[in-house]
Every structure is written in C-alpha cells, then in structure tokens.
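Below, each chain spelled out in residue letters.
There are 2 protein chains.
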Amino acid sequence: MDFTLSRRISGVQGSIIRELFKLGVDPNMISFGGGNPSAETFPVAEIAEIIDRVLKDNPISVLQYGLSEGYPPLREYMKQYLAKKGIDFEKNDLLILSGAQQCCDLVTKALVNEGDVVLTEDPAFIGCLNTFRTYGAKLVGVPMEDDGMDLAALEAALEANPNAKLLYMIPNFQNPTGGTTSSEKRAKIYALCAAHGVAIYEDDPYGEIRFSGTPLPPIKAGDSEGIVFYAGSFSKVMAPAFRLGYLVFPKELLQPITVGKQSTDVHSNTLLQHVCYEYMTGYDFEGHLEKARAVYRKKCAHMLAEMDAKFHPDIHFTRPEGGLFIMAYLPGGKDAQPFVRKGIEKGVLTVPGVAFMADTNGVSSGFRLNYSMPSDEQITRGIDILGALTHDYLAEKR
Amino acid sequence: MDFTLSRRISGVQGSIIRELFKLGVDPNMISFGGGNPSAETFPVAEIAEIIDRVLKDNPISVLQYGLSEGYPPLREYMKQYLAKKGIDFEKNDLLILSGAQQCCDLVTKALVNEGDVVLTEDPAFIGCLNTFRTYGAKLVGVPMEDDGMDLAALEAALEANPNAKLLYMIPNFQNPTGGTTSSEKRAKIYALCAAHGVAIYEDDPYGEIRFSGTPLPPIKAGDSEGIVFYAGSFSKVMAPAFRLGYLVFPKELLQPITVGKQSTDVHSNTLLQHVCYEYMTGYDFEGHLEKARAVYRKKCAHMLAEMDAKFHPDIHFTRPEGGLFIMAYLPGGKDAQPFVRKGIEKGVLTVPGVAFMADTNGVSSGFRLNYSMPSDEQITRGIDILGALTHDYLAEKR
Numbered sequence: 001m002d003f004t005l006s007r008r009i010s011g012v013q014g015s016i017i018r019e020l021f022k023l024g025v026d027p028n029m030i031s032f033g034g035g036n037p038s039a040e041t042f043p044v045a046e047i048a049e050i051i052d053r054v055l056k057d058n059p060i061s062v063l064q065y066g067l068s069e070g071y072p073p074l075r076e077y078m079k080q081y082l083a084k085k086g087i088d089f090e091k092n093d094l095l096i097l098s099g100a101q102q103c104c105d106l107v108t109k110a111l112v113n114e115g116d117v118v119l120t121e122d123p124a125f126i127g128c129l130n131t132f133r134t135y136g137a138k139l140v141g142v143p144m145e146d147d148g149m150d151l152a153a154l155e156a157a158l159e160a161n162p163n164a165k166l167l168y169m170i171p172n173f174q175n176p177t178g179g180t181t182s183s184e185k186r187a188k189i190y191a192l193c194a195a196h197g198v199a200i201y202e203d204d205p206y207g208e209i210r211f212s213g214t215p216l217p218p219i220k221a222g223d224s225e226g227i228v229f230y231a232g233s234f235s236k237v238m239a240p241a242f243r244l245g246y247l248v249f250p251k252e253l254l255q256p257i258t259v260g261k262q263s264t265d266v267h268s269n270t271l272l273q274h275v276c277y278e279y280m281t282g283y284d285f286e287g288h289l290e291k292a293r294a295v296y297r298k299k300c301a302h303m304l305a306e307m308d309a310k311f312h313p314d315i316h317f318t319r320p321e322g323g324l325f326i327m328a329y330l331p332g333g334k335d336a337q338p339f340v341r342k343g344i345e346k347g348v349l350t351v352p353g354v355a356f357m358a359d360t361n362g363v364s365s366g367f368r369l370n371y372s373m374p375s376d377e378q379i380t381r382g383i384d385i386l387g388a389l390t391h392d393y394l395a396e397k398r
Numbered sequence: 399m400d401f402t403l404s405r406r407i408s409g410v411q412g413s414i415i416r417e418l419f420k421l422g423v424d425p426n427m428i429s430f431g432g433g434n435p436s437a438e439t440f441p442v443a444e445i446a447e448i449i450d451r452v453l454k455d456n457p458i459s460v461l462q463y464g465l466s467e468g469y470p471p472l473r474e475y476m477k478q479y480l481a482k483k484g485i486d487f488e489k490n491d492l493l494i495l496s497g498a499q500q501c502c503d504l505v506t507k508a509l510v511n512e513g514d515v516v517l518t519e520d521p522a523f524i525g526c527l528n529t530f531r532t533y534g535a536k537l538v539g540v541p542m543e544d545d546g547m548d549l550a551a552l553e554a555a556l557e558a559n560p561n562a563k564l565l566y567m568i569p570n571f572q573n574p575t576g577g578t579t580s581s582e583k584r585a586k587i588y589a590l591c592a593a594h595g596v597a598i599y600e601d602d603p604y605g606e607i608r609f610s611g612t613p614l615p616p617i618k619a620g621d622s623e624g625i626v627f628y629a630g631s632f633s634k635v636m637a638p639a640f641r642l643g644y645l646v647f648p649k650e651l652l653q654p655i656t657v658g659k660q661s662t663d664v665h666s667n668t669l670l671q672h673v674c675y676e677y678m679t680g681y682d683f684e685g686h687l688e689k690a691r692a693v694y695r696k697k698c699a700h701m702l703a704e705m706d707a708k709f710h711p712d713i714h715f716t717r718p719e720g721g722l723f724i725m726a727y728l729p730g731g732k733d734a735q736p737f738v739r740k741g742i743e744k745g746v747l748t749v750p751g752v753a754f755m756a757d758t759n760g761v762s763s764g765f766r767l768n769y770s771m772p773s774d775e776q777i778t779r780g781i782d783i784l785g786a787l788t789h790d791y792l793a794e795k796r
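Quick note, the sequences are listed as chains A and B, same order.
Residues in the first sequence are numbered from 1 upward in steps of one, following the working numbering.
Residues in the second sequence are numbered from 399 upward in steps of one, following the working numbering.
Some hints could be false.
Within a straight-line C-alpha distance of at most 27 angstroms, the following computed BS3-like cross-link-like pairs (lysine-lysine) qualify [stated by the list, open to error]:
1) A:251 with A:91
2) A:346 with A:310
3) A:138 with B:536
4) A:56 with B:536
5) A:84 with A:188
6) B:454 with A:291
7) A:91 with B:689
Among chain A residues calculated to face chain B with C-beta under 8 angstroms, some are [said to hold, decoys possible]:
8) 11
9) 12
10) 42
Calculated from the model, a selection of chain B residues having no Cβ within reach of chain A, i.e. all distances over 12 angstroms [claimed, not checked]:
11) 461
12) 611
13) 705
It is worth saying that the hints were derived from the structure and are not from the lab.
Quick reminder that beta carbons are idealized off the backbone N, C-alpha and C, glycines included.
For reference, chain A alone in the conformation it holds in the complex (with noise of 0.2 angstroms):
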C-alpha cells in the first residue's frame, strides 16, 4: 500500500544531528557534537536502593496503572520544590509527565493549531523544533544574541504574525547556544509577549546545573498575566533515561493537558517516579547537584581554556554559566557547515548551527560544542585540532 503521510508529519525532516551521531559512534572520533549529560553523576547506588526498597514495601503500587496527572506525592513536592523559585501554585498546577519534550508535545497538542505560528529562539533546541512541526506550526524564528533573543527582532516578530500561538525558549544556558537570557531580556520579553496576548514556553531542561554566575528566577515567578508555561527535567539530575520532567501551566488548562497525556501513553512509568520522589526527600539531592555542578563546571572551563589558547580570537564563543554546550561562531556570518565538515575530516565532530534553524534552509555562522561527554584529554586533543583549522580558516579568508 502506498501511504500517504499526515501534513504534519511528511513536513519534519530527518535530524542532520542523528546523521552526524552515526559518525560520532567511529571509535577514532573525538565527538562533541552529543548533548547527553556526563554518566559520573548518575546517581548509581541510590536508584538501586530505592528500587530495591520500593519493590519490597509497595510493589503493586510502583508497577500496576497510575494516574495521567503523576505520582500525587512527587506533584506535591516538586510544587513545594518550585515554590521556593518563585512559582505560585495558587493560579498554577503541575504535571509529572515524560520528559521535557513531552511537555512541549503537550503544550503544543492543547494549543497549536496547524498554521499557527510559533516564535522561537534562533538557534533553539532542535527536538522541540520538531514538535511544532509535527502539529503543523508555522516556525518564525528570532535571532539570538548572547545574552537572549534580539528584541527589536522579537518585536517585529510579533507585530508581523498576529496569529503567533507561543514563544519557545531556553532562558538558562540555552541550547545549542550555551547563553543566558539576561535579566532585563527576560522582564522585556515577558511585557511583549503579554501585551501581544502571546504564550511563552519556558524550558528549563538545563537550570539545576548553574556552575557560574548568580541564577536567575524563572520568568513564571514573575508570570503575574498567567501566560507562561514552564518545562523542568529529572534527566540531567537523576538520568535520561527515566523518562521523566515536569510542566507547570495555569491552572485551568489542567482538563485539557491532562487529556492530551490520557490519549497520548496514559501516564508516565511509575516506579521511576517514586524513584525521583524518595531521592529527592529522602537523600542529598542538593549535595548531589553540587556534585554534579562541580563535574561541568571542571568540564567547561578546561574547554574555554583550550579555546582561548588555541581558537583564532576573531573566533568568537559564548561562555556558558551552566548547561553542556558552547557555540563558537565563525566571523563575517559565514556558513559554518564547510568547516564543521573539515573538522569532521580532522576526527572532531561538532553540529552546525543551522541543524538548529527554525528554517533549515538558513545560514548559521555557529557550531555546537558538548563539553559534558568528551574526556578531559578528548578536549585538549580536540580543541587542539579545531584550533589550528580555525587558524587555516582565517588564513584561507585573507
């Protein structure tokens, strides 16, 4: 039979960055093109505890149907937990759901309808890129600067698509760029967005992982117009591979969000959940993010040493205060695909920005950088080589 695919679907394209992982997997390659959080701070000896424990004294509960909403006492806990940034829970509630990306999934399900327009970061996290194009949104995409979105940009963005849904963003150490959304971006973006009746989709996969600088309150402390939803993530401090975030949202789209996850895969697994509830009340969670804090703090700073003894200054990178990634950006806005190439002929993998464009037919001066996987000798011999081509590169340009 021959399909016919949904518009929806037959629009997203295959990701370069799962191309390029295929090359990552060659054992010669140095890769800082992934973006998975470094495997020194899972949590080994505890999950296995916990599992161990809960199995014993409640195993019908952990293994039989759960409800859509999460398991009540982690809700609880993480409203408890967020409370104390700032979020106000009168006028919000919380759902535990399957990692930050379904929160968008979600978000995207209860709101977009095909041929809305939804304003994003640009470059912006390219696994919610796809979400919206697979409920057929408009992608319209605002330029980044280091520290958040060009504003004039946004504003015009605004002024010219009326029908404009929601905004996505990564305030803190942003992906791929590695920025932080300043204070002052932060309040402005939020009056815009308020006073175009606009959305804001907050992700904030990476924020538990400030190693730098002074944090931030999320934009939902502040979110007096009930407009902001905010996505949080257990897979950077307990592990991916649990499956498990957390969306925050008003209060009355609890029935329709709550039915999007109903329809969707029911609920999320439940033994994971009491996982991340009994570590999080019962262990040294802060304890255990300070360590984890320490591992990428060590981690980019090794990288931006390198960096700065081995790039060609005219090479400029962002210097993340927290998250995995850095972005390096060619001079002269030139596309950086050739040199990435090049780099990959080298034996060092990074992503091109334009994987990241809300238009993938764009041009992207940057280039992403992982610091969290790599080996601290990875780096040093990568950067090594990145740095003599950056050197080539400019040579080459005169």
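For chain A, the structure is supplied; the task is to place chain B on it using the hints.
Here is chain B on its own, set in the frame of chain A:
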C-alpha cells in the same frame, strides 16, 4: 490570559470512566468498573532481581539517553517472538514504544489529517477513540456483534467514507465487549479494507492472555498487502506501570514514525526495556503467562457462573476466551445508563456502553464488567446485587 484551545483538544470530553472511577474509590463500592490487570500476576521478585543486576553490570546503558527506536536486543527479540506468530519482518519493522496507547498515538500522528475518517469497532476502547479525536479525526462506528464487527455495516461505512484512513479494532477479547473476532470475519475485514485502500490498526493488548478456545493468528500475519499496523503491550504480561509496548508496521514508515517518537518523548524508559528483555529471555516467560492465564480463567469462570445463575435470562452477555471484560446487554436495545446508575446506588460499579461509543451521544444497551480486579467474594456479592436488579428491571418492563 484566555487561552483558545486547539480544535483537536477542545473536541475531547473528560472520560465518563474517570468520573465513575471516583465512585470506585469508595471502599463500600464493589467495582467491576476498572480495567487493570490483576496485581497478583506481576513478577515482582524477578523484576527486582533483574533491576539489581543490570544496575550493577550496566549502569550507564540503562540510565543514559537511548535510541528512539527502542533497546536493540528487545526490538530484535520481539521480532523473533512475533515471527513465530506468522508476522513477516522482511516487509515490516518494529519499535518499542510507551505502551500500546502510544503506538496508536504515533500511527495517527503519521497518517491522519484533521477531518480524515477513522472507522472503528463500536463500542471500542475509549483511550484510542480519544487519540483519534485529539488529531481531529472524524470517528465512524461499525456496530459490534459477539464475533466481531457487523460486516454489512463495515462495507457500507467503507463505501460511504472514501476519505477513511484507518480501521481500528481489537480482534482478541475486545475492550469493552470481551468478544473475539472470528477467523472468517478477520479474513473478510482484511479483504474489504484492502479493496478500499484503508489501513487496519490491529490493537492486541490482551492477545497473550487467552485462557480458553483456540488462538487465532493476528490479522497482521496474513498482511500480503502491507496495510496492517499491529500493536502489543507489556502491560498485561509484565506490569502496566512500565509503560512499554511495541508497534509492527510496514518498513517504509520507519522514518516518519521514528521522527514522531523523537518529537513526542525522545525514547521510552530504558531500564524497564532491559527488564522486559532479560525477563523474556532469561526466565520462564511462558510459565509466567500460563500462571496469569490461570488467574483470569478462574475469575472469568466465576463471574460467568454467577451471572448464569443470577441474571435474568433475557440479559445477554459475552463469554470471553481471554482478556479482562464481559459485556452484558439489556434487551430491546434500551439505554443501559439508568440501570448502571441503579447498580451504583446499590453499591456495584459497572461502565455503561455509551462511554465506549464513537458517538458519545449514542445509545448503548450494554454495560461492561471487569473480573480481573475484584476478589472472588466481591464478584459473588456484586453479581447477586446486579442479578436482582436485572429481575427488577425486567419485571418493571412488563
């Protein structure tokens, strides 16, 4: 902010069943309203043993991000397992997904545009009906008989709906009717759909728990035209809270369905995929299934014997060969809702058939009884009460 819900989600009502479940938590209520597998069938000790082992032997691979397609050894093993039931993996592929519910979600995402028709057994599993609704599909019901759909009605529906994309069915021990589609009907349904270019979504969550009669090959096993999607679940053979299932589909759809999975929740939880694989390959899985079947066989036989003895003879009901449900019908096609409400007043919860209909304003004379969750004693007492009500009901009608 006043949110405007998407068209797809605003059409979906909260489920009648969820409202009824609130009554079911009353400890004085005898609930035949649920749909959970019997907790005594969960292999708790083996699950604990496997998790302990894989977290020791292989912590990173069970906790780190995994493949969207599923854990490769489990994928391969399930292909071998299903090949023995006659499914061809030259022309088909298989993904491990988050329960059979997500199989339905992703097939609908990939194939069904807003306004497309989905034909369905009527009544049918409400979870999947709601999935179709959340993609804006128009549902057209085909009335059920004890041995599967009314074929004349199916043919008429196919003729009347040239834009039908999918036919949804549960051939084994259907939810809610408990009936099994006969071999003859399977062949005719397949031929009719093939002739009309309509794909079949064969949902088989209960197939492994056949406790009487002769197993019938899945429709997918005779899929010479490549039109059948086949979904199975680990919920009834391992544990529902795992949220794991598998989808078999024509190979050429691997890319769009994988993209749908990525953009929905990246991948399914890895630790529990390892548990399924280790349990199926290293333990007595067939012996485990036999024990589970014995539990359901006994419970079903007990409920049927009580119904034979106590229900008014004018009340027809199905005699399941597997699964979790019996459906009983009031005579003369009369709406069962008042009868169900009377049962609730007397302390016995069942689900009215209308909850499972394509047209939620329709009329159903059926009510669904679950035998997997109540105790033997609850079954006896509950059928006593319902049996007396059937006699009252028919006395009043005279």
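message: Flag every earlier hint the structure violates by its number, smallest first.
response: 4, 7, 8, 11
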